[in-house]
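Colleague: Sequence:
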Amino acid sequence: MKKLVHEVHRRSLWQVLGIYLVLGWVVLQVVDVLAQNMGLPEWVFPFAIVLLVIGLPVVLATAFVQVGVGSNALSGDAPADSPPQTADGLLTWRNAIGGGVAAFALWGVVAAGWMLFGPGTGLRSAEASDLRSIAALPFSTVHTDEESLAFVAGIHDDLLTQLSKIDSLKVISRTSVMQYEGTTKTIPEIAAELGVATILEGGVQKAGDRVRVNVQLIDAETDEHLWAETYDQQLTAANVFAIQSDLAKKIAFALQATLTPEVKQRIEAQPTENLDAYDYYTRGRYLLEGARTGNRQGLEAAAELFRQSIAADSGYAPAWASLADVYTRQWNWMYVSPAEAEASGTQAVERALALDPDLAEAHLVLGQLLLSQGKYEKAERATLRALELNPGSGYAHGQYGLLLQLLGRIDESVVEGRRAVELDPLSITNRHRLADRLFFSRDYQGSIAETEKVIELEPTDWYAWYNLGWCYSMTGRDQKAEDAFLKAREFNPDDPTVELGLAYAYARNGRRESALDLIEGVDEDSYDVSLVYYELGDEDEAFARLESVLVADPGQLARLKTDPSGDALRRDSRFAEILGKLNLD
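So in the numbering used here, the last one in the sequence shown is 586, and the numbering has no gaps at all.
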């Protein structure tokens, strides 16, 4: 035995072992990359390890024999005139490299066979081959009271927010996945409609001082479970946040998504220890989601819940950011004055950022406030910071698309609009925004196509018909434009915006008195009033109205530089003066 060990050392077989292990490690890295990109099953990578382990003794034995460590060498009976053998040189390298190459080649044969003849034969799409796209379906619960529903929706929404912070994941936004609440569609059907490779489903039950969360991650193509987890813990704010962060990290690991230390730290953050503050906040978000279409009572009720959350914990940054969000929406729907919304919204969002400088939601709201004030460069910096912190937010991409449109960077705005739809394909709001971006890029047919998709989803959506009216106007189909605006008014009879669109169509159709009757019924000046007057040939009145809007609400005129409906205005010599006052020249 001692003689054998001596021979192993003398003939440097440790060198063979070292070379083989290094090359084996390289082979495994290549296999890992290929397995991910080719959509191969999980057992393929362990199979490569087994092959390399089997190959090791074969390589060592072969090298041992080739260098003369046979029975003759060990017994001292080797012929005197036999050439000297050494483990140094070609044979050592050839055996080590050959063993690694042989293992890799055999693995390649098996992998190719799986792709050609295994389950799911055929090429997946580029996105489907990558499991790092996910839709988290609404969590189920046995309770139907509003407080319980808000709690479950809050956990679901927070998990989506955590996942969307991971840049290497494509995460479908809440608006789209909520369409599948209580659905009877199969997992593969849902995945195909949303354009994802994996589906997360689960349930949340709250009973007394306990909370139970169970989830399953499913490969949509095979309908097989990739991973499952159950949590049963005491109901505290700390435990709720811990469950959310643990879920996000385990999902990222299961999908082999990159999780940087910075993102991991943000995912693990616990913004409050006060369960009451969290409950008020989730109930506020629940109402706010339902008020996205501009429900005044819903917005006011949500604001009050956020104030109660802040009263319970004044250091809860997300509650401050959401309160600021309410103010911006109330401003957009003209429920509060610009001055009131600007003052209250700015105060709330600055408080949120002072508490948490890395809160993406706060940066996004700040960008909206700055945009409404005409501070475009600052608005872009704030919005880009929000996207840096939360790159998977379809809502943020949609907001950035709007900002780029107002800055005249139309092609970029369309790209952002398409990204928002990709992340939230069933969101009517995002499809509206993409249709708007296409309209401003003068791709009227593209805008019409997107708008028709909205009408398929919601035939009574007034804004879709309103947008069709403008598209038809820009393409000279004035009677179809008038019909579309009338349809919009049918579904939204009290909105002055619709009345002004219809007035514009009347003006283009030569119906002067009908157009004047409509705009005289509008209490305040607006950009659209100026368009109607200019179309009627009253250029001086049109620019007088623009000057009034410039004083009362300059943010309303931001679209002036790029709006196709304002082409006639832009040809007027007075346009440059208005543009200069907006800081858009």
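Derived by calculation from the structure, the hints in this document are not laboratory data. Hints are not guaranteed to be accurate.
Said to hold, decoys possible - Derived DSS-like pairs (lysine-lysine); straight-line CA-CA distance at most 30 Å: (1) K562 with K582; (2) K582 with K488; (3) K251 with K265; (4) K379 with K582; (5) K376 with K481; (6) K454 with K481; (7) K454 with K488; (8) K376 with K488; (9) K582 with K376; (10) K186 with K454; (11) K207 with K379; (12) K186 with K207; (13) K376 with K251; (14) K207 with K251; (15) K265 with K186; (16) K250 with K207; (17) K454 with K582; (18) K481 with K582; (19) K376 with K454; (20) K265 with K250.
Colleague: Now tell me if each hint is right for this structure.
Modeller: Results of checking the hints against the structure:
Restraint check: the Cα-Cα separation between K562 and K582 comes to about 12 Å, which is no more than 30 Å; the hinted pair holds. For the proposed pair K582 and K488, the alpha carbon gap of about 36 Å is over 30 Å, so the pair is violated. Using a Cα cut-off of 30 Å, the hinted pair K251 and K265 holds, with the two alpha carbons roughly 11 Å apart. Taking the CA atoms of K379 and K582, the gap is near 17 Å; set against the 30 Å cutoff, the hint holds.
A hinted pair counts as satisfied when its Cα atoms are at most 30 Å apart, and K376 with K481 does not qualify at roughly 37 Å. Annotation: proposed proximity of K454 to K481 holds, straight-line Cα distance about 18 Å (limit 30 Å). With a C-alpha separation of about 16 Å, the suggested pairing of K454 with K488 holds against the 30 Å cut-off. For the suggested pair K376 and K488, the alpha carbons sit about 36 Å apart, so the restraint of at most 30 Å is broken.
At most 30 Å may separate the alpha-carbon atoms for a hinted pair to count; K582 and K376 meet this at roughly 12 Å. At roughly 21 Å between alpha-carbon atoms, K186 and K454 fall within 30 Å of each other, so this suggested pair holds. Note on K207 and K379: the hinted pairing is violated, with a Cα-Cα distance of about 43 Å set against a maximum of 30 Å. Proposed proximity of K186 and K207 is supported: the alpha carbons are some 27 Å apart, at most 30 Å.
For the hint linking K376 to K251, the alpha-carbon distance of about 41 Å lies beyond 30 Å, and the restraint is violated. Of the supplied pair hints, the one linking K207 and K251 holds, its CA atoms being roughly 22 Å apart against a limit of 30 Å. Only pairs whose Cα atoms come within 30 Å are accepted, and K265 paired with K186 is rejected, the gap being roughly 34 Å. At roughly 23 Å between alpha-carbon atoms, K250 and K207 fall within 30 Å of each other, so this suggested pair holds.
Annotation: proposed proximity of K454 to K582 is violated, straight-line Cα distance about 38 Å (limit 30 Å). With a C-alpha separation of about 36 Å, the suggested pair K481 and K582 falls outside the 30 Å cut-off, and the hint is violated. Pair hint K376 plus K454 does not hold up; C-alpha atoms about 34 Å apart against a cutoff of 30 Å. At roughly 8 Å between alpha-carbon atoms, K265 and K250 fall within 30 Å of each other, so this suggested pair holds.
Checked against the numbered hints given earlier, the structure breaks hints 2, 5, 8, 11, 13, 15, 17, 18 and 19 and satisfies all the rest.
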